[in-house]
Amino acid sequence: MISASGITKRYGAVQALDGASLDLRPGEVVALMGDNGAGKSTLVKAISGVVIPDAGTIAVDGAPVRIGGPRDAQALGIATVYQDLALCENLDVVGNLFLGAEDRFLRHIRMERATRDLLGQLDVRIRDIRVPVAMLSGGQRQSVAIARALLGSPRLVILDEPTAALGVEQTAQVLALIGRLRERGLAVLVVSHNLADVRAVSDRVAVLRLGRNAGVFGTATAAQEEIVAAITGAGA
Amino acid sequence: MNPDTTLRTPYPMKVLKRGDIGAWPVVGALVAIAIIFSTLNDRFLSAQNLTTLALQMAATGTIALGIIMVLLLGEIDLSAGSVSGLCATVMTIVNVKQGWHPLASIGLALAAGAAIGLLHGFMLTRLRMPSFVVTLAGLMGWQGLLLYLLREGGTINLPFTGFISKLSDTWLPGWLSWLVVAGLVLGSGGVSLLNRVHRSRAGLPVTPVWWLGARSAGLAVLLGAGVLIMSADRGVPLLLVIFATLVVGFDLLLRHTAFGRHVYAVGGNAEAARRAGINVTRIRILAFMLGSTLAAAGGILAASRLSAVNQQSGGSDVLLMAIAAAVIGGTSLFGGRGRAYAALLGVLVIQSITSGMFLLSVDSSVRLMVTAAVLALAVAIDSLARKGPIR
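Heads up: the sequence lines are chains A and B, in that order. Residue 195 in full-length UniProt numbering is what sits at position 195 of the first sequence, and the numbering runs on without skipping anything. Residue 74 in full-length UniProt numbering is what sits at position 74 of the second sequence, and the numbering runs on without skipping anything.
None of these hints come from the bench; they were simulated from the model. Every residue gets a Cβ at the ideal spot worked out from N, C-alpha and C, and that includes glycine. Be aware that one or more of the hints could be misleading.
If you want the footprint, here are the derived chain B segments under chain A, 3+ residues with CB under 8 Å [said to hold, decoys possible]:
1) 196-204
2) 271-280
A few chain A residues that face chain B, going by a derived Cβ cut-off under 10 Å, partial list only [what the hints assert, rightly or not]:
3) Tyr82
4) Cys88
5) Asp103
6) Pro132
7) Leu166
8) Glu169
9) Ala172
Across the chosen pairs, the derived CB separations fall in these ranges [unchecked claim]:
10) Arg66(A) <-> Val379(B): 29 to 37 Å
11) Ala214(B) <-> Leu151(A): 35 to 43 Å
12) Glu271(B) <-> Thr57(A): 29 to 37 Å
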């Protein structure tokens, strides 16, 4: 289990996070919601090592850890898929999956085999994995980016707005993929604005408001109005 | 496991749909050029003319290969012409005036090219100057240094019978040419057959055997025809062998090493490459060093052909033709797309036009305009392929 507690971060005059906490368990999808400026991105960045919080602790299986940068987070098994996906559009799926992790002399067959196996396990459908990523659909690209995150055998996968740019069918594909991450026993944190997607895929919804926790809900049991009220602060 | 990701066979026919139209337009252009000029002048496809053409290709083609290394990053190298002239001058001076061994002189010239590339790469990555400005300064600066080094006399001759001049007056004997052709055809055929075995053993889709056979046969016919034609004249020039070896070597480097893949990655999306843990600065500097070293090599070949260096070495249209060759061959100016073979194909187009126009005794004004039209067409095709309907 990975837990962040009491995370505080201030940018100049702006208090981005003020003692926010989050627990992420294996085999569970947590949706992180909140209005613009609620501190979602900052919390995600703190966990993935992109920003260093001013205060607060992050613990893995109960033991406090120091995350001083993205490399530390990766070493702890925290993989992040950013909204821009960071794919090289001119490279094929195999090239993108193994980018930066190649042997000095490329072992094409081994990499392609591993790519096919991984995509097969995730049930990601790409007709020809040797075409440039530029020719894939948005949902396929998102799937490639997620598959790449899995290569390092992480324990936690953070997805930043994975469905924001996708149509209905593509969204369904990506949500199904998130479900399969859960089946693999991974902890998944999804940052999203879309309540319908969140309800479809998550086990719990954690809401941030003005840098603080504004409630954690069981997705199955909470009413939509409750979550909306927590996001907007209407109930307070 | 779903069938869609595992069952997918032959690739070759889908090339056109990939937005990566590859070499087909250039091959078409070459065929068109051959038909047009051979109908206008029956000497165009003669053994003598084609052998001379092969000899003329090497220097510009080698420089174009260097340009490709830089274009793949999405950068530009305007200094390649000046660098080729300067490095050839350095070689000639230490060889003729200081009495260095020819190989040591060549080594020094290549090292000078690498050092210049290192300097350019440093200015690009550390001082964050745009490559256009860095290499524009290089274009003028290295040209200036060349003029300074040549200031007395303006021309230095290389001994006609010396090693360096002999490079461009050495011809492979017939038996050796055929041996090389056989080695290339059997070697490449064997490797792709072996690769096919390994792929099918790993359960990956394989290209049909007939396609591999057709490719080997095509290669054999192409190389065989080349050797046959050139043997009817003086033979296969060593210069062409040097250039072709460089092209094949750099193709292998780009396609089969992590360095090559990282060059494409940086050209495609530098930020993504950086986040994947690639040292983008190192890749950029190395690519500029390779580019300038190849420019130096091209300068050496040009000096060998001329048996001299002079104030025009690496000047006038050397740079423009090298860039044009790289682009006509199918290298994208937007970075991340192109292959080493673009240098060979592109320079073949340009030299064919030059040679054909020369045979027709057309003024060089017309030659420039025709080359310009071909270049414009090549870039238009590249842009359309890039922005065309994808997905």
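Status of the hints after comparison with the structure:
Here's how the region 196-204 of chain B fares: 5 of its residues keep a CB closer than 8 Å to some CB of chain A, so the rule of at least three is met and the hint holds. With 7 residues having a beta carbon nearer than 8 Å to a beta carbon of chain A, the region 271-280 of chain B meets the requirement of three or more and the stated coverage holds. Proximity of Tyr82(A) to chain B holds as hinted, the smallest CB-CB distance being about 8 Å (cut-off 10 Å). For Cys88(A), the interface hint holds, since its Cβ comes within 10 Å of a Cβ in chain B; the closest pair sits about 4 Å apart.
At a threshold of 10 Å, the smallest CB-CB gap from Asp103(A) to chain B is about 7 Å, leaving the interface hint in force. Residue-level restraint check for Pro132(A) holds (minimum Cβ-Cβ distance to chain B is 7 Å; threshold 10 Å). Interface restraint check: Leu166(A) against chain B, minimum CB-CB distance 13 Å, threshold 10 Å, status violated. Of the supplied interface hints, the one on Glu169(A) is violated, with its beta-carbon coming no nearer than about 14 Å to a beta-carbon of chain B, more than 10 Å.
About 16 Å separates the beta-carbon of Ala172(A) from the nearest beta-carbon of chain B, more than 10 Å, and the hint is not met. Remark: the range hint 29 to 37 Å for Arg66(A) to Val379(B) is contradicted by a beta-carbon distance near 52 Å. A hinted range of 35 to 43 Å for the beta carbons of Ala214(B) and Leu151(A) is consistent with their spacing of about 36 Å. About 31 Å separates the C-beta atoms of Glu271(B) and Thr57(A), a value consistent with the hinted range of 29 to 37 Å.
Of the numbered hints stated above, those contradicted by the structure are hints 7, 8, 9 and 10, listed in ascending order.
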